[in-house]
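Chain residues, written in single-letter form:
2 protein chains.
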Amino acid sequence: MSKKYKTAISPTREEDYSQWYQQVIKASDMAENSDVRGCMVIKPWGYSIWENIQKNLDQMFKEIGCKNAYFPLFIPKSFFEKEAEHVDGFAKECAVVTHTKLEDDGQGSLNVAGELTEPLIVRPTSETIIGASFSRWISSYRDLPLMINQWANVVRWELRTRLFLRTTEFLWQEGHTVHSEEQEAIKLTTIMLNIYAKFAEDYLALPVIKGEKTVSERFPGALRTYCIEAMMQDKKALQSGTSHFLGQNFSKSSNIKFQNKEGCEEYAWTTSWGVSTRLIGALIMAHSDDDGLVLPPRIAPNHVVIIPIFRNEEDEIKVKTFIEDFLPQLNNTSYHGDKLRIEYDDREISGGEKNWQWIKKGVPIRLEIGPRDVANQSVFMARRDKAHRDKDSISRNEFLNNVVSFLDDIQFNIFNRALKFRESNTFLLDDYNEFYDFFTPNNIDKPMIHGGFAYSHWCGDIKCEEEIKNRLKVTIRCIPLNSKYEEGKCIFCSSNSTKRVYFAKNY
Amino acid sequence: MSKKYKTAISPTREEDYSQWYQQVIKASDMAENSDVRGCMVIKPWGYSIWENIQKNLDQMFKEIGCKNAYFPLFIPKSFFEKEAEHVDGFAKECAVVTHTKLEDDGQGSLNVAGELTEPLIVRPTSETIIGASFSRWISSYRDLPLMINQWANVVRWELRTRLFLRTTEFLWQEGHTVHSEEQEAIKLTTIMLNIYAKFAEDYLALPVIKGEKTVSERFPGALRTYCIEAMMQDKKALQSGTSHFLGQNFSKSSNIKFQNKEGCEEYAWTTSWGVSTRLIGALIMAHSDDDGLVLPPRIAPNHVVIIPIFRNEEDEIKVKTFIEDFLPQLNNTSYHGDKLRIEYDDREISGGEKNWQWIKKGVPIRLEIGPRDVANQSVFMARRDKAHRDKDSISRNEFLNNVVSFLDDIQFNIFNRALKFRESNTFLLDDYNEFYDFFTPNNIDKPMIHGGFAYSHWCGDIKCEEEIKNRLKVTIRCIPLNSKYEEGKCIFCSSNSTKRVYFAKNY
Chain C
1 MSKKYKTAIS PTREEDYSQW YQQVIKASDM AENSDVRGCM VIKPWGYSIW
51 ENIQKNLDQM FKEIGCKNAY FPLFIPKSFF EKEAEHVDGF AKECAVVTHT
101 KLEDDGQGSL NVAGELTEPL IVRPTSETII GASFSRWISS YRDLPLMINQ
151 WANVVRWELR TRLFLRTTEF LWQEGHTVHS EEQEAIKLTT IMLNIYAKFA
201 EDYLALPVIK GEKTVSERFP GALRTYCIEA MMQDKKALQS GTSHFLGQNF
251 SKSSNIKFQN KEGCEEYAWT TSWGVSTRLI GALIMAHSDD DGLVLPPRIA
301 PNHVVIIPIF RNEEDEIKVK TFIEDFLPQL NNTSYHGDKL RIEYDDREIS
351 GGEKNWQWIK KGVPIRLEIG PRDVANQSVF MARRDKAHRD KDSISRNEFL
401 NNVVSFLDDI QFNIFNRALK FRESNTFLLD DYNEFYDFFT PNNIDKPMIH
451 GGFAYSHWCG DIKCEEEIKN RLKVTIRCIP LNSKYEEGKC IFCSSNSTKR
501 VYFAKNY
Chain P
1 MSKKYKTAIS PTREEDYSQW YQQVIKASDM AENSDVRGCM VIKPWGYSIW
51 ENIQKNLDQM FKEIGCKNAY FPLFIPKSFF EKEAEHVDGF AKECAVVTHT
101 KLEDDGQGSL NVAGELTEPL IVRPTSETII GASFSRWISS YRDLPLMINQ
151 WANVVRWELR TRLFLRTTEF LWQEGHTVHS EEQEAIKLTT IMLNIYAKFA
201 EDYLALPVIK GEKTVSERFP GALRTYCIEA MMQDKKALQS GTSHFLGQNF
251 SKSSNIKFQN KEGCEEYAWT TSWGVSTRLI GALIMAHSDD DGLVLPPRIA
301 PNHVVIIPIF RNEEDEIKVK TFIEDFLPQL NNTSYHGDKL RIEYDDREIS
351 GGEKNWQWIK KGVPIRLEIG PRDVANQSVF MARRDKAHRD KDSISRNEFL
401 NNVVSFLDDI QFNIFNRALK FRESNTFLLD DYNEFYDFFT PNNIDKPMIH
451 GGFAYSHWCG DIKCEEEIKN RLKVTIRCIP LNSKYEEGKC IFCSSNSTKR
501 VYFAKNY
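Which chain is which? The protein sequence lines are C and P, in order.
The opening residue of the first sequence carries number 1 in this note's numbering; numbering runs sequentially from there.
The opening residue of the second sequence carries number 1 in this note's numbering; numbering runs sequentially from there.
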């Protein structure tokens, strides 16, 4: 029987996945619930990850010609009402500003005053308010394509919230483009989906399935919604980014017209696409372990943390001199076009306490350096993608020469582990009873809530989709873009089907 | 008589300064009014300037150890009420969220529903909501100093709004720090003021006066407010950044306590400091001319724009080949640690139209390149800090070798011009009648609205300050930090005074 080590996070993933998630966030000091219902405070460690997401995605957007801009936080109720499906989708959960001041009631209490004639909605998404600007900006085909992105906060009055995954206020980017041709708009939608997939895989080490949503899962007002879907460690799916082809719906409701080359006026074709702080939730749930956060290097606030270990002043001087000698070289090492981000933790707390703090925060590489290492001109290296007891003593120079390839190896391992996990929990299921059992843990041999992703045939009928959802709380995550023609029978009704789709429980 | 050239902006500064300002924004395509009262849309050209402000200031904050975080948009009314002066200062102009959904009234119209038991204020500033987090984060002197910044949108329900200068919603950063010692907190307040001043002068080319606000002009709840003040071209002052020493006011109202080294609990000392999109207004009003925006290179979205000029296809090939030959070298030129930002404008519109567009947008250097330049291996260079007719033909190589020093020279010139303007419009005034005339344009020889900054003695009495404000709409902009002891008489009441302060009309 192997020794059972105490884990830093309690409960473990197996014991209570949902609680484990909250505890990882707490232990890594990423975020906390605020005093405002459903709104989170993103603490420096969590925000720094968001800054890295922003920086890298922003560059990818700019490379294809998108420009950033900023539009009002508030949307007049009348704008919101212009697109029928859109208002249906968002009216049930929005923050409404009705007044513009607080007035003393003469008894030391403040009452709301200055009622607005038209209430304002705090943006849950900005199609309608951005559309109003676009209709002013565009007059000719020469103004197109127009590709605009904004980094902003949005508000959706969610009833059940969970840090990063679902919060009343969250941070996101929303891109909005306008095109003269339908096909060009559709193409842009898939270009953005590919950017999201590339970003998720290369930076977040998150393998994703690219696909299209079914009609019932579309963005309110969209003609097509594309998405990337990832598998979390509890085998549920998490939608990590969406890209919508809006057709002419919003150009008609916002009056976005242009004069074409022939001099005739046409409604334009628009798209929108976004990712949010939810990506951080995906990152946590896909990679972290029972000792806390595990961060892919490309998105980590720090790549390497250095922890000096000493028991007396003499050793302290030795160890710190040794570290400060190679620190400049390390700080100047370049890593994927950026500088390595090094934390030299010389706080006056014990080495063991520091070590555990950085384990829980998920820093990819920890170096512990004590007098013995100084004597050997070596460093004691621990990698966060391995067990925390798995440490190597390597020569200082070997470390300095190879730190970038160690980080690349960590990135690769984290991605591969997640990919293998998804692959080994994705099954081709063709029998409804098997499908039912797969999603219905009904005996003690199935401690996980369900079996993973089912890749099964679906006839395309919304009724089958609904019935499965009602019976099993399982939805079609997407119709994958790379799905091939294959004759089969719908998993629910046994009618003819020509392709498989991904079914899963989801966040 | 010199020839009078038509200007790109009408009216000119002299004709109508306020209208000129609006027209510069329109002509440079920086921003527009939105359909939401008082809220602006920041268009890509304006937002790109904000991105440059963010990037550079953010780095300066991080260099002294500040970390970014994010706090909720909404503040419960009860939090807001905790600090009496603070709520007095902001309650009259705030957006209040009272409902959380819209419901169909059965007649096709949506009514507000889901009333909140406690209304939420859209943050006008975040001292109270951030204080609630800080009180959780801090327990010991070891947790201090805590230095946190957030980039966010804030809302103040202003009655009269003007793009960038005063809008209902605006973008800003707000830094919040907590200290164990009073003196350390005061020192931090001045460190931040110095960062703002350095940023304004080095990047925005905006000479500023650093000083302290009088009691009546302090931030609501602060013990001291420091500011930087700049002179606009209409000789009015514009407050461009503030840094507040909050004493223990907010730590008492938010219960921010720490255990000191002796093990006793104490209230902490806090500061807050911010700059906003108002800086863009300052930038426009300080430097621009009657042809449009003038951008200091260090903050410009593009440093150099290249405009190919040709009349036939043969020339087009020649000119484009010539440009594309040196473009890679130009794109790789480094400028203050960054890459040069080059716009190669090969749109299919006339060279003259392009040229005027870029003049109005304020790009520091414009290169016009036609067949004659190709033959001479030269470029036709125009600098935005000079008159638009003042162009030089210089050899291609001379340009490539000297482009950075040209930009530095432009930056230097723009700063110096603004500094000279301020100096030549600042007067030591010691006589009330002179002071009165200075601020009261009462004959045709004084077309400007007033004379500029008056550097005059003030006894320190709030009544003199008020009386001057009531009579002349002139306020004390600040008590400059570098003011020297000097015996004199108060400009208003003739009582003894020991130092001069800056009086001005202001935005």
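What the hints contain is simulated information worked out from the structure, not anything from laboratory work.
Being a predicted model, the structure only gives us computed values, none of them experimental.
Keep in mind that a hint or two might mislead.
One copy or two, either will do: identical chains are not told apart, so a pair holds if it fits within one copy or between any two.
[To be verified] Straight-line C-alpha distance at most 30 Å; calculated DSSO-like pairs for lysine-lysine:
hint: 1; residue 1: Lys499; residue 2: Lys62
hint: 2; residue 1: Lys82; residue 2: Lys101
hint: 3; residue 1: Lys198; residue 2: Lys236
hint: 4; residue 1: Lys505; residue 2: Lys469
hint: 5; residue 1: Lys391; residue 2: Lys499
hint: 6; residue 1: Lys489; residue 2: Lys386
hint: 7; residue 1: Lys252; residue 2: Lys101
hint: 8; residue 1: Lys420; residue 2: Lys484
hint: 9; residue 1: Lys62; residue 2: Lys339
hint: 10; residue 1: Lys360; residue 2: Lys67
hint: 11; residue 1: Lys62; residue 2: Lys360
hint: 12; residue 1: Lys187; residue 2: Lys101
hint: 13; residue 1: Lys198; residue 2: Lys55
hint: 14; residue 1: Lys101; residue 2: Lys469
hint: 15; residue 1: Lys55; residue 2: Lys339
hint: 16; residue 1: Lys55; residue 2: Lys318
hint: 17; residue 1: Lys489; residue 2: Lys469
hint: 18; residue 1: Lys235; residue 2: Lys463
hint: 19; residue 1: Lys339; residue 2: Lys360
hint: 20; residue 1: Lys354; residue 2: Lys261
hint: 21; residue 1: Lys252; residue 2: Lys484
hint: 22; residue 1: Lys252; residue 2: Lys26
Hint by hint, here is what the structure shows:
no.: 1; hint: Lys499 to Lys62; result: neither (36 Å within a copy, 52 Å between copies)
no.: 2; hint: Lys82 to Lys101; result: both (28 Å within a copy, 17 Å between copies)
no.: 3; hint: Lys198 to Lys236; result: within (21 Å within a copy, 51 Å between copies)
no.: 4; hint: Lys505 to Lys469; result: within (9 Å within a copy, 66 Å between copies)
no.: 5; hint: Lys391 to Lys499; result: neither (48 Å within a copy, 66 Å between copies)
no.: 6; hint: Lys489 to Lys386; result: neither (43 Å within a copy, 75 Å between copies)
no.: 7; hint: Lys252 to Lys101; result: between (36 Å within a copy, 25 Å between copies)
no.: 8; hint: Lys420 to Lys484; result: within (22 Å within a copy, 72 Å between copies)
no.: 9; hint: Lys62 to Lys339; result: both (21 Å within a copy, 15 Å between copies)
no.: 10; hint: Lys360 to Lys67; result: between (37 Å within a copy, 19 Å between copies)
no.: 11; hint: Lys62 to Lys360; result: between (34 Å within a copy, 24 Å between copies)
no.: 12; hint: Lys187 to Lys101; result: neither (47 Å within a copy, 35 Å between copies)
no.: 13; hint: Lys198 to Lys55; result: both (15 Å within a copy, 25 Å between copies)
no.: 14; hint: Lys101 to Lys469; result: between (46 Å within a copy, 26 Å between copies)
no.: 15; hint: Lys55 to Lys339; result: both (14 Å within a copy, 16 Å between copies)
no.: 16; hint: Lys55 to Lys318; result: neither (39 Å within a copy, 38 Å between copies)
no.: 17; hint: Lys489 to Lys469; result: within (18 Å within a copy, 83 Å between copies)
no.: 18; hint: Lys235 to Lys463; result: within (25 Å within a copy, 71 Å between copies)
no.: 19; hint: Lys339 to Lys360; result: within (23 Å within a copy, 37 Å between copies)
no.: 20; hint: Lys354 to Lys261; result: between (66 Å within a copy, 21 Å between copies)
no.: 21; hint: Lys252 to Lys484; result: neither (35 Å within a copy, 65 Å between copies)
no.: 22; hint: Lys252 to Lys26; result: between (46 Å within a copy, 26 Å between copies)
Of the numbered hints given earlier, the model fails hints 1, 5, 6, 12, 16, 21; all others are met.
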